[in-house]
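Q: The listed protein sequences correspond, in order, to chains A and B.
Residue 1 is where the first sequence starts when you use the numbering used here, and the numbers rise one by one after that.
Residue 198 is where the second sequence starts when you use the numbering used here, and the numbers rise one by one after that.
Mixed in with the good hints there might be a few duds.
Said to hold, decoys possible - Cut-off 20 Å, straight-line C-alpha distance, at most; resulting in silico cross-link-like pairs (EDC-like, lysine to aspartate or glutamate):
#, chain 1, residue 1, chain 2, residue 2
1, A, K86, A, E138
2, B, K232, A, E21
3, A, K158, A, E69
4, A, K12, A, E69
5, B, K236, A, E164
6, A, K86, A, E50
7, A, K180, A, D139
8, B, K236, A, E42
9, A, K146, B, E289
10, A, K180, A, E147
11, A, K168, A, D129
12, B, K232, A, D139
13, A, K119, B, D222
14, A, K180, A, E126
15, A, K158, A, D139
16, A, K168, A, E147
17, A, K146, A, D129
18, A, K146, A, D161
19, A, K146, B, E211
20, A, K121, B, D203
21, B, K232, A, D43
22, B, K236, A, E21
23, A, K146, B, D222
24, A, K168, B, D210
25, B, K236, A, E147
26, A, K158, A, E138
27, A, K180, B, D222
28, A, K119, B, E211
29, A, K180, B, E218
30, B, K232, A, E45
31, B, K232, A, D46
Quick caveat, the hints were computed from the structure, so don't treat them as lab data.
Small disclaimer: the values here were computed from a predicted structure and weren't measured.
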Amino acid sequence: MLIEFEIVERAKAGDPVAFNELVTAYRRRILGTIARMISRPEDVEDVAQEVFLRLYYSLEQLRSPEVFEPWLYRLTVNAALDYLRKRRRRPESRMADLSEQQMVTADAVAGAKANEEQKEKSRLREFVDSILSRISPEDRTLLMLKEVEGLSLKELEKVYDVNENALKVRLFRARQRALKAFDASREDGPVGKDAKP
Amino acid sequence: MMRPGDDLERRFDEMLGSYREAVPDPEPSAAFMPKLWQKIDARQNYLLEWKRWTQGFLAGAVAASLLFVVLQVLPKGSADFYTATYLETLAEDQAPERLVYHDVSGDENGARRGPVWLQDLRMR
């Protein structure tokens, strides 16, 4: 826990100062999780604010401060899922969908000053986003929490409120689908740590 | 011996590991907290507005129900009109047109004279 239980209790009782402390303690972590889940830097703050907005109005339903973190992760997953589903209905052209010439032009306009390392990170982000956009938002968020955020099965059980076996099955299926998408995308060129996307 | 699937999984895991490094936790902007409180206030105002409308609607419904109940009880005040029989009402009625028909019934000698306007016609 990043904060004491007492602060959670005070925030739950409606203390705005305690709620501020709570947000300040967790916002960076939540911003990071959302940034990796949705791959859209420009929308990360909006989604994170939606998480804390939902937290503010649902905090009184929290049974005990011990389950605060899984509760917050659940709100994060739900807000990210809502965002991803909405984005699926409204597809936009992304860097991964653009031709080489268009990417060069976009790069020149958007990041003339960006160094090579940042460009590479940006390309990796676009590539991972393009792979994960081929699987469902549910699979995507689950994989992100397990493989990228590093949550344990026990923690995921609390977040998703399902038993371990069901979770393992869901994780296995999500991973298989992501691997299939990854394999299909590699036909365009090798990808990995030692190969640029 | 390594299977082709193992290599795919290794590369996939490497990619996700690199992704974690490529997307670090971003710093929140200075407007993060003010914007969050603005959104909280906006939602609160919306909820209050909705609550006020609901309460207004509820109060209107209660008032209408009360009015209906009162109307059901009060109409007893004008009940005289309805309690009189048809004959009683006719007997009390002094409307002049009835006099015309009264004349039709006959004069003092028992002769039928007919209505006044008919007598006028006959005289002509």
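Q: Output the indices of the hints that this structure fails to meet, ascending.
A: 5, 9, 11, 12, 20, 25, 27 and 29
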